[in-house]
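K.L.:
So you can see what is in the structure, the chains are spelled out below.
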Amino acid sequence: MEQRNTGHTAPGFKTYIIAWIALVILTAVTIAVTKIDTGAISILVALLIASVKSGLILYIFMHLGYERRFFKLAFLLPVLVFALSIWFTFLDVWYR
Amino acid sequence: MVSTSSTTTFDNVFLFLLVISVVLLIAITVTMIYFVIKYNRKKNPTPVNIESNLLLEITWIVIPTALVLAMFYYGWSGFKFMRTVPEGAMTVKATGRMWSWQFEYDNGIKSRELKVPLGKPVKLLITSQDVLHSLFIPAYRIKEDAVPGMETYLWFLPDKAGEFDLFCSEYCGVDHSSMVSKVIVTGEDAFNTWYREAGKKAAVTGKETQLKGHELVEEKGCLDCHSLDGSIEIGPSFKGLFGRRVLVTSSGKEREVIADENYIRNSILHPDADVVKGFDDIMPPQEGNVSEEEINEIIRYLKGLK
Amino acid sequence: MPDGREKKETDRGFWKYEGGKTGLLSWIFTTDHKRIGILYLSSLAVFFVAGVTFGLLMRLELIAPGRTIMSASAYNSIFTLHGVIMIFLFIIPGIPVSLGNFLLPLQIGARDVAFPRLNLLSWWLYIAGGCIALLSLFTGTGPPDTGWTFYAPYSIKTGTNVSLAVFAAFVLGFSSILTGMNFITTVHRLRAPGMTWFRLPLFVWSLYATAWVQVLATPILAITLLLIIIERFFGVGFFDPAKGGDPILYQHLFWIYSHPAVYIMIVPAMGVVTEIIPVFARRTVFGYKAIAFSSIGIGAVGFFVWGHHMFTSGISDTSKVIFSLLTFLVAIPSAIKVFNWVASLYKGSIKVDTPLLFVIAFIFLFCIGGLTGLINGTLATNIHIHDTHFIVAHFHYVMFGGTAFAFFAGLHYWFPKIFGRMYSEARAKLAWFFLFIGFNVLYFPMFLVGWQGMPRRYYDYLPVFHTPNIISTIGSWILAAGLAMMLVNLIRSIKKGEQTGSNPWKGTTLEWTVPSPPPVENFEEIPTVTHGPYKYDEN
Amino acid sequence: MEEILHKTAEHHRDYTGAKMGMWLFLFTEMLLFGGMFILYSVYRFEFIAEFHAAAKELDTTIGAVNTLILLTSSLTMALSIAALQKGNKNLSLFFQVVTMLLGIAFLGNKYLEWGTKIHHGIYPNSEYLLSLGKGQVMFYGLYFVMTGLHALHVLIGIVIFVFIFFFTLSGDVTSDNTVKLENSGLYWHLVDMIWVYLFPLFYLIT
Ligand code: HEA
Ligand code: HEA
Ligand code: CUA
Ligand SMILES: [Cu+2]
Chain W
1 MEQRNTGHTA PGFKTYIIAW IALVILTAVT IAVTKIDTGA ISILVALLIA
51 SVKSGLILYI FMHLGYERRF FKLAFLLPVL VFALSIWFTF LDVWYR
Chain P
97 MVSTSSTTTF DNVFLFLLVI SVVLLIAITV TMIYFVIKYN RKKNPTPVNI
147 ESNLLLEITW IVIPTALVLA MFYYGWSGFK FMRTVPEGAM TVKATGRMWS
197 WQFEYDNGIK SRELKVPLGK PVKLLITSQD VLHSLFIPAY RIKEDAVPGM
247 ETYLWFLPDK AGEFDLFCSE YCGVDHSSMV SKVIVTGEDA FNTWYREAGK
297 KAAVTGKETQ LKGHELVEEK GCLDCHSLDG SIEIGPSFKG LFGRRVLVTS
347 SGKEREVIAD ENYIRNSILH PDADVVKGFD DIMPPQEGNV SEEEINEIIR
397 YLKGLK
Chain H
403 MPDGREKKET DRGFWKYEGG KTGLLSWIFT TDHKRIGILY LSSLAVFFVA
453 GVTFGLLMRL ELIAPGRTIM SASAYNSIFT LHGVIMIFLF IIPGIPVSLG
503 NFLLPLQIGA RDVAFPRLNL LSWWLYIAGG CIALLSLFTG TGPPDTGWTF
553 YAPYSIKTGT NVSLAVFAAF VLGFSSILTG MNFITTVHRL RAPGMTWFRL
603 PLFVWSLYAT AWVQVLATPI LAITLLLIII ERFFGVGFFD PAKGGDPILY
653 QHLFWIYSHP AVYIMIVPAM GVVTEIIPVF ARRTVFGYKA IAFSSIGIGA
703 VGFFVWGHHM FTSGISDTSK VIFSLLTFLV AIPSAIKVFN WVASLYKGSI
753 KVDTPLLFVI AFIFLFCIGG LTGLINGTLA TNIHIHDTHF IVAHFHYVMF
803 GGTAFAFFAG LHYWFPKIFG RMYSEARAKL AWFFLFIGFN VLYFPMFLVG
853 WQGMPRRYYD YLPVFHTPNI ISTIGSWILA AGLAMMLVNL IRSIKKGEQT
903 GSNPWKGTTL EWTVPSPPPV ENFEEIPTVT HGPYKYDEN
Chain A
942 MEEILHKTAE HHRDYTGAKM GMWLFLFTEM LLFGGMFILY SVYRFEFIAE
992 FHAAAKELDT TIGAVNTLIL LTSSLTMALS IAALQKGNKN LSLFFQVVTM
1042 LLGIAFLGNK YLEWGTKIHH GIYPNSEYLL SLGKGQVMFY GLYFVMTGLH
1092 ALHVLIGIVI FVFIFFFTLS GDVTSDNTVK LENSGLYWHL VDMIWVYLFP
1142 LFYLIT
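So the protein lines, in turn, are chains W, P, H and A. Residues in the first sequence are numbered consecutively from 1, following my numbering. Residues in the second sequence are numbered consecutively from 97, following my numbering. Residues in the third sequence are numbered consecutively from 403, following my numbering. Residues in the fourth sequence are numbered consecutively from 942, following my numbering.
In case anyone wonders, no lab produced these hints; they're calculated from the structure. Values in this document were obtained by computation on a predicted structure and should not be read as measured data. It is possible that part of the hints are untrue.
What the hints assert, rightly or not - Think about it this way: if two alpha-carbon atoms lie no more than 20 Å apart in a straight line, the pair counts; the simulated SDA-like pairs of lysine to any residue are: (1) P:LYS316 with P:VAL126; (2) H:LYS753 with P:ASN203; (3) P:LYS134 with P:ALA123; (4) P:LYS138 with H:VAL754; (5) W:LYS72 with A:VAL1120; (6) W:LYS35 with A:ALA1005; (7) P:LYS316 with P:TYR201; (8) H:LYS753 with P:LYS316.
All chains, please: the whole structure from these sequences, using the hints.
P.N.:
What follows is the structure, encoded as structure tokens:
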């Protein structure tokens, strides 16, 4: 039956290594940025960079970019659930 | 001044919801049973297939939406009223602990019952000494949790004289269901007299620990768990405690000790250090609740309980 | 289906095929979704009877104020166990793992679920969880006494065996997650050719929506329970104000799971109801798409209303308002379903057999439960009725009157498919009558006594609450009688019932096209689907 | 009976189905940690200053090294799949071993790091920690629980790789049946991804 009907061409060695280099550079950037201590901004920047990094991992290492649409859409669900849960929790914490 | 009480607010909203609910319930049930009878297979052997009807479906999306929004709004406005404390309310501090309430008035009175004057709004500042409790006065339709480390509030307008039940409605352990007290609403004069008299006494005791042993163990809530007559309740009885040989577990190891002054002091301040065998480690630590003089007084009192 | 195939299969179908193993082993190591369904069904029944016995004991205790048959701490343990068993061992797995497991592949034209071995593992985890829960009774420092909600800080302070019970719930959560993953993948990957999304039976839609909720909500429970255990062993202090923690945060985490969980309980039940109505009205359902999407809608909005359990807990007033509003919004898809069900009876050709009787009871009882749910969700009224027996009545109406009645309906409806035999109709109707009457006598007085102000989890109560409590206890006996009658009838009919053909109700979904009981491989040949599930035009 | 077995076997090989199952499982993992992140954000919001102070005490170097290790292990993981798909079994096995070793190195570092903290009297419920104040108690509580949970996942990942290694050796995982390897890879990357957030949240918010 259906064997490797993956419907995509997986990325090769080269893509992986480039992604890895990018990840390492981004890590260095985060450390550098937070060392400058810009207060509240630094945590935001750090998280933003972390998100870019996890995006890279997802998209290239985990092949999410090459999967069928279902996977991409489904991935939004846990993210959405998490984001909204934290937001609703903070509706309490902020205004308490 | 406010004139409506939370009772009326609640009852109005409740009635509104009840009417809508009953009407809907009857409408749905009657229609359903009517269909079942009318279209019984004996009478109606050939069904008609109706897949959908857009207009109808939109109707029964829009109408319930409107209804629930109305319910929400009505509930919200009632809630706003119940959460807005009128100015000039009398403040009473309420502390929940396993398993009794303590009400503390501005002039230092400490009471196990909530005494309030008729017709004057009361604000309760609620907290807990140990686990969650919840202060619930059904007659005034109000309730709020007592959370350790946090202060919550409630207010109500005592608009009838009399005695009303006060419950703990958040589960808090074995004696949750006996954490019951009373709200006593008296005329303003009677209340003021009590307030002054009891206040004087409280002012004195506040300084000199004049409360005698018996009153002390009652006020601090010890008697909620310990008896004076030798019967075993949640904790060991106080009767004959002093000088008794006690089997305790201290950090996992069992040992026998003699209940002397030190042991009792330690048992009160750090009950989890030596847990009496056969009992659960649930006694709340009393540090901060009982002062050094008070402990001495309690010990003196316990010595006499043979 | 009067061809030769049926005769050949009146031998016992999947009941006989042991897959190279023998006796009990052929059951507890099977990967056949039908056998796993039966395994689940029997284990659910055992736990249900246990839970129900605890319920009966509680009622006996509450027949009079003061001590009647047990001590306060025994009572506290019993309502905790009653809650834990009923919630985690009976009603959350409930319909999906038993009826769902059995019917989902049949209804979509598949030979099994996507991961048969995970399915078995999930059953094993369920049994392990159940055993651990039982273990917590007999070991350590006595059965847990926290209520099924395990609220901190009490659950961290109490000396009873909470860790083990919490761990049991954790394991059961895993089992639930596995079922959810399995069902989602099955629906996506194993539909028969031609079985488009809008040709799926609505029971499948409901299971699909439920499965998503299982997958997305259960992990939060898992971590919350884990934290309780960590707190008890290491005293980290996340929920202990003395160390900087916040007990209310525990409630947030708990209800982030446990409110969606109530929709894990009800949505499959709604699916069963939707399946039964067209068969007994001999017409198509009214508003297929509305029903399908409302399952998804309930699942989605249901994630963000959890705060309505915390209106008096000390959370901010802002969040109370928002949670209340969303609570009302989640009622709308439920309303759509109720209206569509009633409309599906319109101009049908209705035969009132036992399954339909249970469905009618379901609609009535669920409406009471749901409408009182709205009263709970209203800010002003919740303050008074929160944590009283009004709430207890509400959730028994939705859980027992709703889910369990739909479960009973499904059991009767699919009984001939599962066992190839028919139960006694007369006895079933009698049992239904007792169940329905007993149910209302048992739970309706709780609304009244709760409205009067009797708090829940009360071992002892003031004399003013006496009368409704007596009535309630009497109701529990009537209900017990009905339940016993129903179970006896069903169990007896497994062996003694009259043999039926493959399709006694003239149903139109795919499970009725295969013999009863179905053969191991379900379909000799995977069918090709050409039309929707409820096509009654031709007869 | 042969026929039945054949029929039920056919969807065991559904490649997309297997991946779908794995992704759904990853969603549950994300939300499992999600619960902890909710706790983290609330307590961080409550104790901003204390969190800053406490984070200074963590060793950024060890954190950075561990980040590097995990990122690299993700790379070798991906490479081992690519190698197998190209039919190079030995190269794939080599990368699997490297991934495992990197995982072990990560845990080794973690062990040292925790060890120093515990040695200094910083561990949940320790007298010294309690004396530091509420914000610190919460910070280190979260630190130990979250990195502990994460380390547990790394450990499980390593155990999985041991199995996968032998599956590859024995020919259960082959160049045209890589799904088991791919799924373990997905799991590993997810664990890496969680670390990507843990690192700045604990070590860098100084
Ligand atoms: C099967 C389980 C189940 C279901 C389906 C529901 C459904 C609902 N529940 Fe219930 N609930 C529980 C199980 C369930 N609940 C449990 C177990 C608890 C207690 C937990 C504990 O503390 O131990 C609880 C507690 C609970 C509370 C907290 C009470 C408190 O402790 O203070 C609230 C508050 O809002 C609530 C609300 C609702 C609402 C609005 C719905 C809605 O989904 C109902 C929607 C249905 C309808 C509205 C009826 C049908 C529709 C019509 C008849 C059409 C017309 C209606 C309209 C006007 C729209 N529930
Ligand atoms: C599906 C869920 C479910 C079901 C079906 C039930 C069923 C019952 N429950 Fe349940 N109940 C809960 C879920 C459920 N409950 C939950 C979640 C709580 C909250 C717990 C908490 O506070 O933490 C609760 C709490 C709760 C309370 C409140 C306790 C308190 O707050 O003080 C009470 C009190 O009366 C009660 C009673 C009952 C009764 C009498 C039944 C009856 O239905 C039982 C009636 C049936 C029988 C008694 C039949 C027995 C028959 C046999 C044993 C014979 C069988 C014979 C053969 C097989 C031959 N329950
Ligand atoms: Cu205090 Cu219940
Ligand atoms: Cu809810």
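K.L.:
Look at each hint and say if it fits the structure.
P.N.:
Evaluated hints:
1. For a cut-off of 20 Å, the pair hint linking P:LYS316 to P:VAL126 is broken: about 58 Å separates their Cα positions.
2. The suggested pairing of H:LYS753 with P:ASN203 is violated, with an alpha-carbon distance near 74 Å, which exceeds 20 Å.
3. Annotation: proposed proximity of P:LYS134 to P:ALA123 holds, straight-line Cα distance about 16 Å (limit 20 Å).
4. For the suggested pair P:LYS138 and H:VAL754, the alpha carbons sit about 11 Å apart, so the restraint of at most 20 Å is met.
5. With a CA separation close to 19 Å, the supplied pair W:LYS72 and A:VAL1120 stays within the 20 Å bound.
6. Restraint check for W:LYS35 and A:ALA1005: the C-alpha separation of about 13 Å stays at or below 20 Å, so the hint holds.
7. A threshold of 20 Å between alpha carbons decides the hint, and for P:LYS316 with P:TYR201 the separation of about 16 Å falls inside it, so the pair holds.
8. This hinted pair does not check out: H:LYS753 and P:LYS316 have alpha carbons roughly 68 Å apart, beyond 20 Å.
Consistency with the previously given hints fails for numbers 1, 2 and 8, ordered from lowest to highest.
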